[in-house]
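**Student:** Keeping their order, the protein sequence lines are chains S and E. Under the working numbering, the first residue of the first sequence is numbered 755, with each subsequent residue one higher. Under the working numbering, the first residue of the second sequence is numbered 153, with each subsequent residue one higher.
One should not assume that every hint holds.
Examples of chain S residues toward chain E, derived with CB under 7 Å [said to hold, decoys possible]:
no., residue
1, A860
2, Q990
3, V991
4, Q1040
5, G1042
6, T1175
7, E1179
8, A1186
9, G1191
Note that these hints are calculated values from the structure, not bench results. Just so you know, even glycine gets a beta-carbon here, dropped at the ideal spot from N, CA and C.
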Amino acid sequence: MAKRISRLMQRGLRAPVNRRRLLQASGAAGIALGSGLRFGSGAGAQEIAFSRDYEGTTLNLLMEDLQETTIIEEMLPEFTELTGITVNFEKVGYGVMHEKLVPQLAAGPGNGTYDVLEVDFYWVYEFARSGWVEDLGQRIADSGGAIDLGRYIPATLDIVSQADGTTWYVPFYAYPMGLIYRDDLLNDEAFKAEFEAASGLELAIPDSVAGYVELATAITAWKGEELYGAAMTAQQVDPIVMEFCNFLYSAGGDYYDADLTAPTINDETGVRAAQLYVDCVNNAAQPGAASANYDDSIAVYSQGRAFSSVSFMWMLAVVDGDDEAEAQGKNKAVVMPGGTGLSGAWGWGIPVSSPNPDAGWEFVRWVESPDVARRRALAGSLPTQMAPYEDEEILAKYPWLPQAGAMITEGKGLPAVTKQTQLVEIVGRHLAEAVAGGATAQEAMDAAAAELAELL
Amino acid sequence: MTVPTIVALLLVVAFPLAFALYVSTHEYDLTEGGIGAYTGLENYARTVGDELFANAARNTVVLAVSVVALELVIALGLSLLLNQPGLRFRNVYLAILLIPLLVSPIAVGLIWRLLLHADLGAVNWALGLFGLPKQEWLSGQATAMPTIIGVDVWHETSLMIVIILAGLTALPRDPIEAAAVDGANAWQTLWTVTLPLLTPVLLVAVLIRTIAAMKTYDLIYILTRGGPGSATETISYSIWKNAFTTLDMGRSAAASFLLLLAILALTVVLVRVLRAGGDA
Chain S
755 MAKRISRLMQ RGLRAPVNRR RLLQASGAAG IALGSGLRFG SGAGAQEIAF SRDYEGTTLN
815 LLMEDLQETT IIEEMLPEFT ELTGITVNFE KVGYGVMHEK LVPQLAAGPG NGTYDVLEVD
875 FYWVYEFARS GWVEDLGQRI ADSGGAIDLG RYIPATLDIV SQADGTTWYV PFYAYPMGLI
935 YRDDLLNDEA FKAEFEAASG LELAIPDSVA GYVELATAIT AWKGEELYGA AMTAQQVDPI
995 VMEFCNFLYS AGGDYYDADL TAPTINDETG VRAAQLYVDC VNNAAQPGAA SANYDDSIAV
1055 YSQGRAFSSV SFMWMLAVVD GDDEAEAQGK NKAVVMPGGT GLSGAWGWGI PVSSPNPDAG
1115 WEFVRWVESP DVARRRALAG SLPTQMAPYE DEEILAKYPW LPQAGAMITE GKGLPAVTKQ
1175 TQLVEIVGRH LAEAVAGGAT AQEAMDAAAA ELAELL
Chain E
153 MTVPTIVALL LVVAFPLAFA LYVSTHEYDL TEGGIGAYTG LENYARTVGD ELFANAARNT
213 VVLAVSVVAL ELVIALGLSL LLNQPGLRFR NVYLAILLIP LLVSPIAVGL IWRLLLHADL
273 GAVNWALGLF GLPKQEWLSG QATAMPTIIG VDVWHETSLM IVIILAGLTA LPRDPIEAAA
333 VDGANAWQTL WTVTLPLLTP VLLVAVLIRT IAAMKTYDLI YILTRGGPGS ATETISYSIW
393 KNAFTTLDMG RSAAASFLLL LAILALTVVL VRVLRAGGDA
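Just chain S, with the same shape it has in the complex:
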């Protein structure tokens, strides 16, 4: 099956994505009740039993307030019916999750508030190496087939599941980044001809970061406020780094060398990527891009005022799901020009501080069981398991799925340093300074490298 998935994703590398009506999809999933669940298509039939030993337990989870959370939330009554366990989702914005989690995780065994963790890909090493989460190896082995890491896209295991040879988390959903663009404009012959006459460039999806920056800059120079080449999200600290990763990785650079012995962010490739990023923000993006968060860049793109955006796949869902968006239904997506975007993912973990770790694991078994995972994918969650990528019903509903899979397999996460959050803060601070003109790209990356060296 893995080879077939790989073929599908290779197809995705070449073909663009259309993610229409994604938001309307939730609620379409069927409901399976009873004492056991049956695997969906592609996984073979296998009964999975769920325990009622924890009946009456209430689980508390801190969840990002996103579509994926809502999809699961709507399915929770069936979990409660199966197990007698009630699940309480505390839904918050991403920005406050880390600072809310850390004190709870450091509270000591059994003393925390949260029973199960939703772990972002750049907390993986910090949480694992701090001894805050359980090694899930034995639980997975004893899960009765409900959790089988062989079912997951291998790239997601690298990004959000395993660290230092141990499995700490179960991949939950993926959020790769790629290039989202206005397909209607790309195929508008009159628009293309006018652009080519004005800029001397061909209007086509570029195959390199430099080509993308050149194209986006030319569109902005041509259309001005009417149509920016890129809707960008360069707010300090997290957004600017997430966006920059696509420029860095696709230019062939990275934060450290392969052995994690020294920073490489200030080598020739890193500085070139930083300069391309700075140029793109300052010459191709909407005014205020340097302080723009995702709401800002999505607003600009939705209003039809940008040709493209290097962003998360979920941005397409937002734009295409917005009936008032000028850009609704006019978009496609491809892997970041140059070939390697940032691939983010969330995973499930059991904190050592969990008051109810066994009941929490029962929840993970249920939510990641093939049938539930399939129905989550059918409702619009971007899957980390492989089966949905060859499920005909899901593919018919979401024909962009191969492209999303390609973004996941071709993408990269962050380097395996313990304090990845600090890495993001360091790079974000120095890169923002370069964008604001307070430092050259070389100076900013040199300063970042000096601080990144201390994280090794």
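For this one, chain S is given, so just place chain E on it according to the hints.
**Tutor:** For chain E alone, coordinates are given in the frame of chain S:
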């Protein structure tokens, strides 16, 4: 009554301070387990020697001095206008001026973030009506700090008005009326009678606002996250960042104590000035 009060103070104030002091003299990185070895003043030395902390300290001073000075001048002017005898609609003006005081700092940050949005914000739209170019209010190296100062002044001037207006209302009328009888004009009365009488109130207002301004965190968090680069990073924001990004609680506690000491020193100076004024 005394014993319960002392116990309550110990629990609420002394214990957290003592614990923070303890943490500040120990190694305490959250990723490395519990509180580690005693390190003496090492966390303080690292903090003071840190270029980023020095930059945050400079930014804090610039921010505090700027907002307090601007708020004092604006609030004094508005309070004098509001205190004019026979002013019509006085309460309406006062109610309007006090609205910002009722809004939480987070909401203030979000409101101004939208207003100052470089592409879609009302402020740049208004500039456009006069043919002026759009400004990068929050992301420009030169504009970010003045913008933060402006937003803080918009938000906090109301508090100064409340304090100063209360002081003006409570001033004895006799000296002012005597000055008028002696032929002093409005400016002479203001400079030689009203302001000297009002000085203790102004000092209290300055003290309260300076302490609050030195702890500014929320506006920075919402508007700039300390950026661009570290152009608007204040000590409070830096403390938060060290605690929840670097997870270095020892250094964060040390920085917190340094900020506390700075505020204490400032308070002592202002209180002494206040007392000296009272004795004179």
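**Student:** Take the hints in turn and mark each one as holding or not.
**Tutor:** Results of checking the hints against the structure:
no. : hint  : result
1   : A860  : holds, 5 Å
2   : Q990  : holds, 4 Å
3   : V991  : holds, 6 Å
4   : Q1040 : holds, 5 Å
5   : G1042 : holds, 2 Å
6   : T1175 : holds, 5 Å
7   : E1179 : holds, 5 Å
8   : A1186 : holds, 5 Å
9   : G1191 : holds, 6 Å
Every hint, counting from the list given before, is met by this structure.
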